[in-house]
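Enquirer: Just so you know, the sequences run in chain order Y and R. Just so you know, the numbering used here puts 268 at position 268 of the first sequence, and the rest follows in order with no gaps. Just so you know, the numbering used here puts 297 at position 297 of the second sequence, and the rest follows in order with no gaps.
No lab work stands behind these hints, which were simulated from the structure alone. Please note: incorrect hints may appear among the correct ones.
[Said to hold, decoys possible] Ranges of calculated distance between the beta carbons of each label pair, as one might list FRET restraints: (1) Y:R252 - R:I229: 36 to 42 Å; (2) R:S169 - Y:D212: 45 to 51 Å; (3) Y:W43 - R:I241: 39 to 45 Å.
[Stated by the list, open to error] Here chain Y is said to cover these stretches of chain R; the calculated rule only asks that three of the stretch's residues, wherever they fall, bring their Cβ under 8 Å from a Cβ of chain Y: (4) 200 to 206; (5) 251 to 259; (6) 312 to 318; (7) 343 to 352; (8) 402 to 408.
Here a beta-carbon is modelled for each residue, glycine too, at the ideal position from N, C-alpha and C.
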Amino acid sequence: MGRTRAPLRDSLARSVEANSLVPRASLVGASPLTAIRRAVGRWGLIVALLALPIYYLVHDLVSGYPAFVNGHSVSVHDFTYIASNLVEGISNGAIWALIAIGYTLVYGIIELINFAHGDVFMIGSFTGAGFWVSIGLGLTTGPIGLLLGLLLTLIVCMVVCGSLNVLIERVAYRPLRNAPKLAPLITAVGFSFILQNIGLLWLGGSPAGVSDLVHENDTVFTISAVVIRRADVLAIGVTVPLVLLLTWFISRTRMGKAMRATAQDPEAARLMGINVNTTISLTFLLGGMLAGAAGLVYALYETTIWYFQGFEAGLIAFTAAVMGGIGNIRGAVLGGLIIGCIQQLSDARIGPQWTPAIVFGYLVMIMVLRPRGLLGEETREAG
Amino acid sequence: MSEAPTPGGPPIPGPDAAGGSASGADGRGGTSGGAGTPPPGGDGAVSATIVTSATGGWGELTKQLREWRRSIERRLPPWWTRALAALLIVIGLVAPFFFNQASNFMNKEIIALAYVVFALGLNVVVGFAGLLDLGYVAFFAIGSYCLGWFGSGFFFKANLHVLVSPYASSIPGIHLNFVMILFLAAALTAFSGAIIGLPTLRLRGDYIAIVTLAFGEIIRVFAINGTDIKIDGMPVTAGNIGISGTDPPYFGGTPFDQLHFRPWYWTIFVLVLITLFVNLRVRDSRLGRAWIALREDEVAAVSMGIPMVRTKLLAYSMGAAFGGLAGAFLGSYSTVINASEFQFGFSIFVLAMVIVGGLGSIWGAVLGALLLANINFYLIPDVLNPLPSELGLNFNLTDLQVSIFGFLLVMVMLLRPQGLLPERRRQMELEEGIGETEMMEPASG
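Go ahead and model the full structure; you've got the sequences and the hints to work with.
Expert: Have a look at this one:
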């Protein structure tokens with residue numbers, strides 16, 4: 001910000017930049033400084049995102065990592081460790097992606113940070129764990145029974161969380177549709193507290209273990225020594241079809257079109273005969289259903305659940321949604337996967353106690369380098 | 001300014017706006033828009049719910065009250081506000097003599113007053129400048145650690161004593177006078193506020209929220225893991241164990257301890273007064289108007305010559321400095337500075353105070369802070385929780401205290417979406433919300 005520039009020109013440049021991907025530098029003229037700025041704007045983000053995996057890849061190849069081979073501690077020089085980090089990161093990130101979509105859908109349509117969303121996800125985990133016990137799923141259930149039982153549990157979780165989300169919208173957000181913008185934020189926080197309290201009364205204040213139904217750590221297959229666990233297959237196997245289904249719903253169906261129209265301009269959508277309230281309820285239903293699915297996958301994946309998980313996951317998922325560009329479904333998925341990978345790398349290499357700082361440090365960096373998120377936002381204000 | 005227009009959705013000047021300005025023009029005119037509740041009725045598509053109609057009734061009531069108050073105000077001499085302020089200050093100063101100074105109530109009120117300072121600080125950032133800050137806990141942490149570093153035996157290898165009590169002089173560590181620490185804390189938090197503000201300058205609305213949130217979480221992680229970072233063999237923080245034995249303030253022999261709450265009360269009361277004074281003066285200054293201009297329309301404000309960078313960073317710094325003051329006070333008051341205090345929940349709690357009080361309204365922030373802090377720290381744990389057992393019920397209300405608080409938040413916002421004491425002059429702008437810049441101002445009456 002060293003140069004003096006007319007404020008109007010500055011703001012014009014910003015508004016132009018906001019609407020296109022032309023870097024600001026091209027409007028001002030070329031000089032070594034602007035060339036650097038342009039390079040940072042174009043490549044900085046990619047460099048920043050690749051820095052962590054590439055650093056550890058080189059580190060593994062050059063100095064090796066300790067491993068046990070046939071009971072002996074040796075130093076290994078290959079890709080396996082970093083690849084398994086990334087695989088775990090992607091499967092973990094798939095769960096964040098499911099929750100992040102809920103944030104991004106709701107933000108896209110009513111511009112509200114739905115703080116209660118993480119706690120809806122938590123209720124999904126609790127419902128799933130409670131329901132599979134009540135229909136008799138256990139460690140001894142056969143594969144067919146397990147598959148059908150879990151499918152039923154998934155549907156129950158999705159229905160419960162979807163309805164819960166719709167209910168919250170009806171009670172806490174709809175009456176505030178025309179209130180100051182931050183008022184529904186506070187009712188969202190209020191509902192988040194209420195849901196957390198429900199979770200607290202349900203399973204107590206400390207993490208509770210649930211039975212490891214899918215034997216999550218069993219190997220499904222290996223790709224040149226990189227182990228793909230059942231948990232990874234589960235997370236990807238639930239997330240990918242759901243995301244594809246959602247994208248199809250939003251881009252192809254009539255109701256999806258109504259959702260997109262309402263997100264762009266609720267007033268005009270109403271004039272076109274779209275029932276805005278129903279559409280918003282539908283959005284909350286979809287977001288809640290994905291959160292419910294994520295809740296079940298999380299319970300099977302982590303095998304511990306507790307009332308505070310929703311808060312933590314909500315924070316991460318919201319970060320993912322913003323990182324990808326809020327309102328943008330592909331962005332939310334991408335953001336979720338990236339955050340999952342950063343978390344796994346940091347957990348494995350730097351230390352889990354530093355992970356939140358690393359994730360949020362990355363977020364700040366991405367926001368500085370690309371203020372509208374990785375894939376660009378899709379909200380009313382973005383035009 | 002007229003009535004708040006268009007109950008049915010984002011403002012499109014239409015029949016509703018016309019109705020709004022018509023009702024605003026009936027003699028009350030200029031300042032009567034304060035109640036800000038949309039006139040009942042609206043477009044068919046947005047169903048009038050029970051709650052909105054309740055808000056309408058509530059709005060009518062407050063409008064009546066405001067009329068009544070205004071008619072009284074007209075008959076009072078012009079110096080009445082100053083007289084009232086002086087009276088309130090005197091009442092505030094002598095109030096602790098009416099309570100047992102070792103009582104739990106005094107203890108909780110002191111904490112509530114510290115939260116008033118927090119809320120006033122956050123109000124500068126969120127209310128005046130319209131920058132949604134979800135990482136306010138960072139300044140609480142930095143202020144508290146400032147006290148821990150410069151007012152306790154934590155840096156045991158150092159030996160520095162400036163104007164401290166005889167006891168503090170006798171133990172190793174850095175011990176500075178409380179007032180000096182306050183200045184240090186304010187300076188350090190103001191600086192870090194500006195640092196945190198820098199990456200948000202190009203961002204809009206809720207992106208600012210997430211970046212500030214990120215900084216709050218980063219500070220928390222550093223507070224917890226500060227034990228791993230060492231300066232000259234001494235850790236930077238004590239993590240979840242906490243820096244204990246912080247110095248109480250020292251003003252020549254006045255006893256500051258858990259049996260004498262009055263000196264603590266006066267200290268924080270003076271801090272609240274200073275904060276209030278600065279807030280009131282700054283709000284009506286050139287800087288305050290610049291903040292509001294930026295909040296309402298950044299592009300227009302910048303093209304009118306408001307320096308965007310400086311104005312925004314000043315808002316962050318100033319809000320942060322108050323957070324640092326209150327943080328340092330609480331660090332001294334609670335005698336332990338524990339990293340587990342610096343949760344995201346704190347930021348949300350203070351934000352709730354500001355919004356429940358009425359965004360951008362100084363007295364609203366004071367009221368919201370006193371109300372929510374009292375509900376959360378005093379009413380629910382100390383008054384409500386023993387109630388079932390006193391009534392002979394075998395029922396533990398402690399289990400429900402989080403949801404009671406949540407329920408109260410929801411109810412307050414549903415009944416008073418604009419806050420308890422909304423800022424009168426800016427009611428209309430607030431109706432549009434933070435960060436929305438492209439809307440046209442509806443016709444004002």
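Enquirer: I'd like to know which numbered hints this structure contradicts. Please list them from smallest to largest.
Expert: Hint check: 1, 2, 5, 6 fail, others pass.
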